[in-house]
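Just so you know, the protein sequences line up as chains A and B, in that order.
Counting in our numbering, the first sequence runs from 8 upward without gaps.
Counting in our numbering, the second sequence runs from 8 upward without gaps.
Given that identical chains are not distinguished, each listed pair holds provided it fits within a single copy or across any two copies.
Distance condition first, Cα-Cα at most 25 Å in a straight line; then the derived SDA-like pairs of lysine to any residue:
{"hint": "1", "residue 1": "Lys-179", "residue 2": "Asp-153"}
{"hint": "2", "residue 1": "Lys-64", "residue 2": "Gly-155"}
{"hint": "3", "residue 1": "Lys-234", "residue 2": "Arg-117"}
{"hint": "4", "residue 1": "Lys-64", "residue 2": "Tyr-89"}
{"hint": "5", "residue 1": "Lys-223", "residue 2": "Trp-47"}
{"hint": "6", "residue 1": "Lys-119", "residue 2": "Thr-149"}
These aren't lab readings, by the way, just hints derived from the structure by calculation.
Keep in mind it's a predicted model, so treat the numbers as computed, not measured.
Protein chains: 2
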Amino acid sequence: LVRGMQMQAARAGVQGSLAEVALKATQARGFHLLRRKYDWVEPEAEELIAKAYERHKRYQEVGESFPPALSCENLEALGKVYHYEPKNLRDKIAYNTVQVLEKFMFLFFREKYDHHAVCLETVAAVPGIVASAHRHLRSLRTMKRDHGWIASLQEEAENERLHLLIWMQHTKPTFIERAFVMTAQAAFVTFYTGMYALSPVTAHRTVGYLEEAAHKAYNDYLEAIDKGDIPNVPALVIAKNYYHLPEDATLRDVVLHVRADECMHRDFNHHLSDLIQSGGIDDHPTEMIDEVNEMKTNKATSDTKQTASA
Amino acid sequence: LVRGMQMQAARAGVQGSLAEVALKATQARGFHLLRRKYDWVEPEAEELIAKAYERHKRYQEVGESFPPALSCENLEALGKVYHYEPKNLRDKIAYNTVQVLEKFMFLFFREKYDHHAVCLETVAAVPGIVASAHRHLRSLRTMKRDHGWIASLQEEAENERLHLLIWMQHTKPTFIERAFVMTAQAAFVTFYTGMYALSPVTAHRTVGYLEEAAHKAYNDYLEAIDKGDIPNVPALVIAKNYYHLPEDATLRDVVLHVRADECMHRDFNHHLSDLIQSGGIDDHPTEMIDEVNEMKTNKATSDTKQTASA
Ligand SMILES: [Fe+2]
Ligand SMILES: [Fe+2]
Ligand SMILES: [Fe+2]
Ligand SMILES: [Fe+2]
Numbered sequence: 008l009v010r011g012m013q014m015q016a017a018r019a020g021v022q023g024s025l026a027e028v029a030l031k032a033t034q035a036r037g038f039h040l041l042r043r044k045y046d047w048v049e050p051e052a053e054e055l056i057a058k059a060y061e062r063h064k065r066y067q068e069v070g071e072s073f074p075p076a077l078s079c080e081n082l083e084a085l086g087k088v089y090h091y092e093p094k095n096l097r098d099k100i101a102y103n104t105v106q107v108l109e110k111f112m113f114l115f116f117r118e119k120y121d122h123h124a125v126c127l128e129t130v131a132a133v134p135g136i137v138a139s140a141h142r143h144l145r146s147l148r149t150m151k152r153d154h155g156w157i158a159s160l161q162e163e164a165e166n167e168r169l170h171l172l173i174w175m176q177h178t179k180p181t182f183i184e185r186a187f188v189m190t191a192q193a194a195f196v197t198f199y200t201g202m203y204a205l206s207p208v209t210a211h212r213t214v215g216y217l218e219e220a221a222h223k224a225y226n227d228y229l230e231a232i233d234k235g236d237i238p239n240v241p242a243l244v245i246a247k248n249y250y251h252l253p254e255d256a257t258l259r260d261v262v263l264h265v266r267a268d269e270c271m272h273r274d275f276n277h278h279l280s281d282l283i284q285s286g287g288i289d290d291h292p293t294e295m296i297d298e299v300n301e302m303k304t305n306k307a308t309s310d311t312k313q314t315a316s317a
Numbered sequence: 008l009v010r011g012m013q014m015q016a017a018r019a020g021v022q023g024s025l026a027e028v029a030l031k032a033t034q035a036r037g038f039h040l041l042r043r044k045y046d047w048v049e050p051e052a053e054e055l056i057a058k059a060y061e062r063h064k065r066y067q068e069v070g071e072s073f074p075p076a077l078s079c080e081n082l083e084a085l086g087k088v089y090h091y092e093p094k095n096l097r098d099k100i101a102y103n104t105v106q107v108l109e110k111f112m113f114l115f116f117r118e119k120y121d122h123h124a125v126c127l128e129t130v131a132a133v134p135g136i137v138a139s140a141h142r143h144l145r146s147l148r149t150m151k152r153d154h155g156w157i158a159s160l161q162e163e164a165e166n167e168r169l170h171l172l173i174w175m176q177h178t179k180p181t182f183i184e185r186a187f188v189m190t191a192q193a194a195f196v197t198f199y200t201g202m203y204a205l206s207p208v209t210a211h212r213t214v215g216y217l218e219e220a221a222h223k224a225y226n227d228y229l230e231a232i233d234k235g236d237i238p239n240v241p242a243l244v245i246a247k248n249y250y251h252l253p254e255d256a257t258l259r260d261v262v263l264h265v266r267a268d269e270c271m272h273r274d275f276n277h278h279l280s281d282l283i284q285s286g287g288i289d290d291h292p293t294e295m296i297d298e299v300n301e302m303k304t305n306k307a308t309s310d311t312k313q314t315a316s317a
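With these hints in hand, go ahead and build the complete structure from the sequences.
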C-alpha cells in the first residue's frame, strides 16, 4: 500500500508543503482513505505533537530520548486550539458530556490553574486503564489478537499518571480537593466502564473532547504564568527526569511538555473513535508518528521525482 | 545496603554453593531480612526461572533477547514442583480457593491437556490486569508513587495473553469450551476484583497457588506429549517469534518455555503477597533477576576474598 501511494504521489508530480503532499497522497489512495487519519490538525502540528510524544515514550521503552533536538520553541507552536467537529449523535453526546464536566471543573477551581491541573490528571488517567483492560479481556474472551491497542492505551494512562505525580510536587492539594478526587474517581470509573461497554466509539470520542479541554486548561495555565499570577519556579527533579529537561528548566517548560502530551491523547482518541466507527475495531491504529513518517516518505519520493525530471 | 551485605558476607569468609552464600548473606542483613525473598525455590531454580522470563520480557522492551544461551535442557530442570506452605488463615483461604478451582478444571477437561491449557490461560491473564488497574487507581487516588508494581503486573497479564494466543493456534476450542470461558471470565473478574479490594495479600497468594496449578498442568502436558497421547507437532510461527525459537522447534519446546513463565508468575505473586504482609505495600518489589544478580555479586565478592586470603 505504502509503495503504491508513493508511486501515485510521484506520478502526480506533487510539490509544495507537507500539507499538500499529504492531501494528494491520501486522495490517491481511493475513497475510503480520502482523508488523512488525523485531518483535524495541520500536518505541521501533527509532526510536532508526534515527536514530542515519542520523546518520553521511547525513553521508557528503549532508554533513549527521541528526537534530541525538540525545543521549547517547537512546543510553543502547540498553543493553537484544534477541535474535532461533532459529526453525529454519538459525537454530540461525547461533546456535551465533556462540556458539562468542564463547566463543573471551572466552577470548582476558578483561577487556580495549578490545582485544576492536579485534579484533572487524576481523572485523565482513568480512561486509558479502563479501555486497555476492556481490550485485554475482549482479546481473552474472543481468543483473538488485540492489534496494538492495549499497550498504547496503557502508555496513555501511565503518561497521565506521571503528569499527576509531577503536579503533585508543584502543588499541595487541599483536603477538599483530595475528597473531590476520591468521589470523582469512583463516579468516573463506573461511568466510563459502562460507556466503554455500551459504545467504545462514544467513549474514545469523549476522551478526545476531554483532552481538548485539558489542552485549553494548560493554555490558561501558561497564560497565568506569563501574567505572573503563578510564579515560574524552577522545574522539579521528577519533571526534569521524565522529559529530559536541562538543569535550568522552569515550570513553564514543564507545562509546555505536558500540553504536547495532551495534544497527542486528544488526536489518538479521536482517531480510535473514527477507526471503530469505520469498522476497524480489529485494525492496528495509526499512531501519529506512523502517519508523519509516511507523509515524509511521500514527500521525499516526490522531491526526488521533481529533481529527476527538472 | 548491598555494599554492607557484600562486606559482611566477605568478612564471614563464606564458601560453597550459591544457596549457602545466599543464606549467609541474608542472615547477615538482620532479623527482618533473615530469609531470601524467594526462599521457597532453590537458588539454582530461581536463577533459571529469572533468566527464562527476562528473555522475552527484554525482547519486548529493548528489542533484544536475553540471555541468548538459555537452552531447552535448562528448562527441563524446571519440572520440580515447588510449594509455598500456607502459613496463616489468608494463605489457607487462597490455597483452598485454588484447590476447588483446580478440581473443577480437571473434572471439565480430564485428559485433554491442550484444551485445558487454552482455558487456563484465559483465566490466568485476568489477575495481572485487575491488580495493575487497582494499583494504578490507588496511585491516582492517594496521589502517591506506585513503585514499579503496575508495569510488572501488566507484563504478567500480557505474557499470559500471549500464552493463550499461542495455544489457540495449536488447539481449536470447542463451542462448549468457548461458552465456559465467557462465563468463567465474568465470574472471575468480579471475584478477583472484590478479593483484591478486600485483601491484596490473599489475592496475590491465590495467584501464586493458581500458578502452582498451572505449573502442574504443564507438567502433565509434557508427560502427555512424551507418552505420545498428544503429537509433538512443529512449533507455530507465533510461538517461535515470541520465544525466539529455532526453525525446527516443536510443541514440546513451546510448553517448556511457557512452563518457565508460570514458575516466574508463581514466585513473583508469592513474593508480592509476602511483601504486602510485611508492610511493604509501598516498596519496590524484588524481581527474581535482581535477587539473582545480588546473590552473584555476593558470591563473587566472597570468592575474591577467599583467593586473597589463601
Ligand atoms: Fe495529562
Ligand atoms: Fe490527557
Ligand atoms: Fe500462562
Ligand atoms: Fe501463569
